[in-house]
Amino acid sequence: MTVFQKTMMSVATVALSVALSAGVVQAGGLNEPMVEAAPMAPTPAPVYVAPSADWTGGYVGASLGYGDVTGSNTLGDDVNGLTYGILGGYMVDLGSVVLGGELSLDGTDITDDVSGLEVDSVARAKLRAGYDAGQWLPYVTIGVAELTTSGAIDDKDTGQLYGLGVDYRLNERVIVGGEVLKHQFDDYAGSGIDVEATTVSARVSFQF
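When we follow my numbering, the leftmost residue of the sequence shown carries the number 8, and every step to the right adds one.
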């Protein structure tokens, strides 16, 4: 084999190798492989966050309600009317139990047309013990009350009270609720009349 023939075979071999390499590249493709996009995670639904269940703190507020008074068969049958007042207190949350104290002062539109007795106001000092049920606070209360009257008996006297109530926390600051109280005044102001009064009231207060 001549030198020329050897040279031509070498050139042919190189050309064949280049052609085969080009075929392999073409078969594999020069384009980058397609990557599927990862699925988007679903947007989480908004989570409702309930107001704090800690009842510890002071509060002030107002009440509006109804009162009914009876007095040893010496008063008329319809001694009742509107009550309205202000209140303030402090609570301590001990876990499942909430203890507190409260002062309140109510004015009234209660008059006995038979005897002419007018109920002017009721001042109260109360102790409260409740159950922490989250946003709800049912409680019992006991204390003392000072009743002031005018007309047939222009005087004042101190008695005892007890009752039930429930508070509901609307948010971190605002509390609404209701309360039923029973008041007893034995021998009111030395008159020989035993006075009893029942009040039912709606309350709203601001805690700080």
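One or more of the hints may lead you astray.
[To be verified] Only pairs whose alpha carbons sit at most 25 angstroms apart, straight line, appear in this in silico DMTMM-like list of lysine to aspartate or glutamate:
id, residue 1, residue 2
1, Lys163, Asp85
2, Lys163, Glu203
3, Lys189, Glu179
4, Lys163, Glu125
5, Lys163, Asp61
6, Lys189, Asp164
7, Lys189, Asp139
8, Lys163, Asp100
9, Lys189, Asp75
10, Lys163, Asp193
11, Lys189, Asp120
12, Lys163, Asp139
13, Lys189, Asp61
Simulated from the structure, these hints should not be mistaken for lab results.
Hint-by-hint comparison with the structure:
This hinted pair checks out: Lys163 and Asp85 have alpha carbons roughly 21 angstroms apart, not beyond 25 angstroms. With a C-alpha separation of about 14 angstroms, the suggested pair Lys163 and Glu203 falls inside the 25 angstroms cut-off, and the hint holds. Between Lys189 and Glu179 the alpha-carbon distance is near 30 angstroms, which puts this suggested pair outside the 25 angstroms criterion. At roughly 12 angstroms between alpha-carbon atoms, Lys163 and Glu125 fall within 25 angstroms of each other, so this suggested pair holds.
Among the hinted pairs, Lys163 with Asp61 is inconsistent with the structure: their alpha-carbon atoms are about 38 angstroms apart, more than 25 angstroms. Distance restraint check for Lys189 and Asp164: the Cα-Cα separation of roughly 16 angstroms lies within the 25 angstroms cut-off, and the hinted pair is therefore satisfied. Distance restraint check for Lys189 and Asp139: the Cα-Cα separation of roughly 24 angstroms lies within the 25 angstroms cut-off, and the hinted pair is therefore satisfied. For the hint linking Lys163 to Asp100, the alpha-carbon distance of about 35 angstroms lies beyond 25 angstroms, and the restraint is violated.
About 10 angstroms separates the Cα atoms of Lys189 and Asp75, which keeps this hinted pair within 25 angstroms; it holds. For the given pair, Lys163 sits about 12 angstroms from Asp193 by alpha-carbon distance, which is consistent with the 25 angstroms threshold. With a CA separation close to 22 angstroms, the supplied pair Lys189 and Asp120 stays within the 25 angstroms bound. As the CA atoms of Lys163 and Asp139 are separated by approximately 37 angstroms, the hinted pair breaks the 25 angstroms bound.
At roughly 29 angstroms between alpha-carbon atoms, Lys189 and Asp61 are farther apart than 25 angstroms, so this suggested pair is violated.
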